[in-house]
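Novice: Since the structure of chain S is already known, use the hints to place chain W on it.
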Amino acid sequence: MTTAPLSKSMPLKTKLSHTAVFWIGFCVVMTLLIVAPLVLPEYWRRFLTEILIWGLLAMSSDILIGYTGMVSFGHSAFFGLGMYGAAAALLIVSPPNLWLAILFGLGGAAGAALFVAFFSTRLRDIYFAITTLIFSQIFYVIIFTWTAVTGGENGLIFSRPHFTIPFLYDTRFSTATLHWFVLSVVAGSYVLLRRIMRSPFGMVLQSIRENEARTRAIGYPVERYKIVAVMLSGLFAGLAGVLYAVQNQFAAAEFVFFTTSGDTVIFNVMGGIGTLVGPIVGAGFFQLLRELLSRIFGDQFPYLIPLGVIFIVMIIFLPQGLLGFARRWLNR
Amino acid sequence: MDAVAHFFQSIPVDLLIIQTVNGVVAGMILALVASGLTLIFGIMDVVNFAHGELFMLGAYVGVLVLTATGSFWIALVMSALIVALLGAAIQIVTLRPLLGRDPLNTILATFGLSLILQNYALWQFGPVARKIGEPITSHFNLFYLTYPWYRILIAVLSAAIIGGFWLFLKYGKYGVWIRATTQDRVMAQAMGIPVPMVHTAVFAIGAAMAAASGVLFAPLVGVNHTMGLDWVLKAFIVVVIGGMGNLGGSIAAAIFVSLLEAYAAIWVDPSQAVIVSFVVLILTLLFRPTGLFVPTPK
Numbered sequence: 000m001t002t003a004p005l006s007k008s009m010p011l012k013t014k015l016s017h018t019a020v021f022w023i024g025f026c027v028v029m030t031l032l033i034v035a036p037l038v039l040p041e042y043w044r045r046f047l048t049e050i051l052i053w054g055l056l057a058m059s060s061d062i063l064i065g066y067t068g069m070v071s072f073g074h075s076a077f078f079g080l081g082m083y084g085a086a087a088a089l090l091i092v093s094p095p096n097l098w099l100a101i102l103f104g105l106g107g108a109a110g111a112a113l114f115v116a117f118f119s120t121r122l123r124d125i126y127f128a129i130t131t132l133i134f135s136q137i138f139y140v141i142i143f144t145w146t147a148v149t150g151g152e153n154g155l156i157f158s159r160p161h162f163t164i165p166f167l168y169d170t171r172f173s174t175a176t177l178h179w180f181v182l183s184v185v186a187g188s189y190v191l192l193r194r195i196m197r198s199p200f201g202m203v204l205q206s207i208r209e210n211e212a213r214t215r216a217i218g219y220p221v222e223r224y225k226i227v228a229v230m231l232s233g234l235f236a237g238l239a240g241v242l243y244a245v246q247n248q249f250a251a252a253e254f255v256f257f258t259t260s261g262d263t264v265i266f267n268v269m270g271g272i273g274t275l276v277g278p279i280v281g282a283g284f285f286q287l288l289r290e291l292l293s294r295i296f297g298d299q300f301p302y303l304i305p306l307g308v309i310f311i312v313m314i315i316f317l318p319q320g321l322l323g324f325a326r327r328w329l330n331r
Numbered sequence: 000m001d002a003v004a005h006f007f008q009s010i011p012v013d014l015l016i017i018q019t020v021n022g023v024v025a026g027m028i029l030a031l032v033a034s035g036l037t038l039i040f041g042i043m044d045v046v047n048f049a050h051g052e053l054f055m056l057g058a059y060v061g062v063l064v065l066t067a068t069g070s071f072w073i074a075l076v077m078s079a080l081i082v083a084l085l086g087a088a089i090q091i092v093t094l095r096p097l098l099g100r101d102p103l104n105t106i107l108a109t110f111g112l113s114l115i116l117q118n119y120a121l122w123q124f125g126p127v128a129r130k131i132g133e134p135i136t137s138h139f140n141l142f143y144l145t146y147p148w149y150r151i152l153i154a155v156l157s158a159a160i161i162g163g164f165w166l167f168l169k170y171g172k173y174g175v176w177i178r179a180t181t182q183d184r185v186m187a188q189a190m191g192i193p194v195p196m197v198h199t200a201v202f203a204i205g206a207a208m209a210a211a212s213g214v215l216f217a218p219l220v221g222v223n224h225t226m227g228l229d230w231v232l233k234a235f236i237v238v239v240i241g242g243m244g245n246l247g248g249s250i251a252a253a254i255f256v257s258l259l260e261a262y263a264a265i266w267v268d269p270s271q272a273v274i275v276s277f278v279v280l281i282l283t284l285l286f287r288p289t290g291l292f293v294p295t296p297k
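Listed in order, the protein sequences are those of chains S and W.
Everything in the first sequence is counted per numbering that gives the first Met the number 0, starting at 0 for the first residue and increasing by one.
Everything in the second sequence is counted per numbering that gives the first Met the number 0, starting at 0 for the first residue and increasing by one.
Next comes chain S alone, as it looks inside the complex (with noise of 0.2 Å):
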């Protein structure tokens, strides 16, 4: 009696396995995402592609906050230094060269999170918020005060690079095929650091997020796998700077200030911690409540305060986040 039920159902299951519905779900989501530029307005483009560069900043920070259970209130830092990093890339080298502004970019982003997590990883919690928030603030005022160099107050403008591939390919970019590069270097960033988080490596992250003590009385190096965390969140924090950089052309101090940091936390809450596209799925979330609120209440609304309570309810009553119910799904 109950085998006849069980061997009904067994041929669905494994028509369709887990991989294969993850990566269909993958593909209807990119479909829709290369396809949205195409049918979208302007503005509305460039709002979608501000919402993935946004998205993949939270998604780094979420290989700390989700996976090796640290909450990073310092993003802003490699996210202004990675922005400062393509600046520099854009305004020194002649004609500017987007591959080189990646690379500085990088190279700034790794800088700072070199720094911050040497220093930072000695402590937990929130030991560990506070600092990374500190260190952000370093970063702050040494932009904000050096005016000589990065325009202080008044920051760097610059020209958007065009896309090359060096000999082959060179064009200006158009807001469509800016959205498509954005949209490949996210959607690689989120195969690449789901591959990672799903390694020995992400595995040890996670563990240490679980039981600290215990992951370093089995013999892992906890402190060497908190800091290499740290620096690959770093990196793709840095990642998302650039890509900001390029599409609004430039970089400003105020980035750097913790408050950047802050809405990254909030867009992870609200998404969903551990999941990586939760992250995004938040960015989107407050970016289209707070476009919604502005376009009823004027521009004038200040749109933070239902935003604060809505932020407040949702870690009382849903912790997880918009995604959380598929955290364990999305992570086998």
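Calculated from the structure, these hints are not laboratory results.
Please note: incorrect hints may appear among the correct ones.
[Claimed, not checked] Stretches of chain W that chain S covers, calculated by requiring three or more beta carbons in the stretch to come under 8 Å of a beta carbon on chain S:
#, stretch
1, 92-98
2, 104-111
3, 118-125
4, 265-277
None of these values were measured; they are calculated from a predicted model.
For glycine and all other residues, C-beta sits at the position ideal for the given N, C-alpha and C.
Specialist: Frame of chain S; chain W shown alone:
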């Protein structure tokens, strides 16, 4: 050697003394802010990100009461009371449901709160800074400066508030409740102490201290909606340097850090002098991760 001797000769003694006074004054206000923060952390493991916003709201309420009544001292007391009530309400609505969860949740919740309060202030009061006059306008001569007595009064009042609070913790019945809850929440509950009430009261007291320092500080630079950000960062630095939840340590650290920043401001721009406190923080984390000052027995 000659260069070193020359360097020491070039230090202006009068400027050093002026900056010492400035540093102590700033340090006492910071101590008042930080002691509320460290108290809230020590008793309920809540890192209150919204503390700077309570400071800022305190200053705004002070401005409003001052324009309504004309008395600075009524404004000081009223602001502390009103913000204490607000703090109690905030604690009941947002932090009480999070009791027993990971302390990181409280950072996030209070961060959300700080967003709400800061944007509320911007929305309600506008971006232009409000100026209020000092309640005491007399000055005394400090070398070539005429130094306002009011600044000295701030330091004395801050010290008095902290001292009064310390006496309350030490000898007051409810102060004993607070210390008991800090030591062992479960045991305190078993002894009949209403722990949830104590938590709310402590948050209210911390909020009142932040508000009082906001009102005291308001005449120096004016009131605007972002003034809390600087203070909460400084208070975090001080609280980590002094050792989380260690009241004496954070007061000592507040004065120490403020003095260092004041001295640094002799040579560099004041906005860069902040980096000195960052460096102190890094050194502390490297060599004394539990805080620079020996934890006092609770």
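Novice: How does the stretch 104-111 of chain W fare against chain S when you require at least three residues with a CB closer than 8 Å, holds or violated?
Specialist: n = 6 at 8 Å, threshold three: holds.
Novice: Between the stretch 92-98 of chain W and chain S, are there enough contacts, at least three residues with CB-CB distance under 8 Å, for the coverage claim to hold?
Specialist: holds (count 3)
Novice: Are there three or more residues in the stretch 118-125 of chain W whose C-beta lies within less than 8 Å of some C-beta in chain S?
Specialist: Held - the stretch 118-125 of chain W has 4 residues with a Cβ nearer than 8 Å to chain S, which meets the minimum of three.
Novice: Using a Cβ cutoff of 8 Å, are there at least 3 residues of the stretch 265-277 of chain W near chain S, or does the coverage claim fail?
Specialist: Result for this restraint: holds, n = 6.
In this structure, none of the earlier numbered hints is contradicted; all agree with it.
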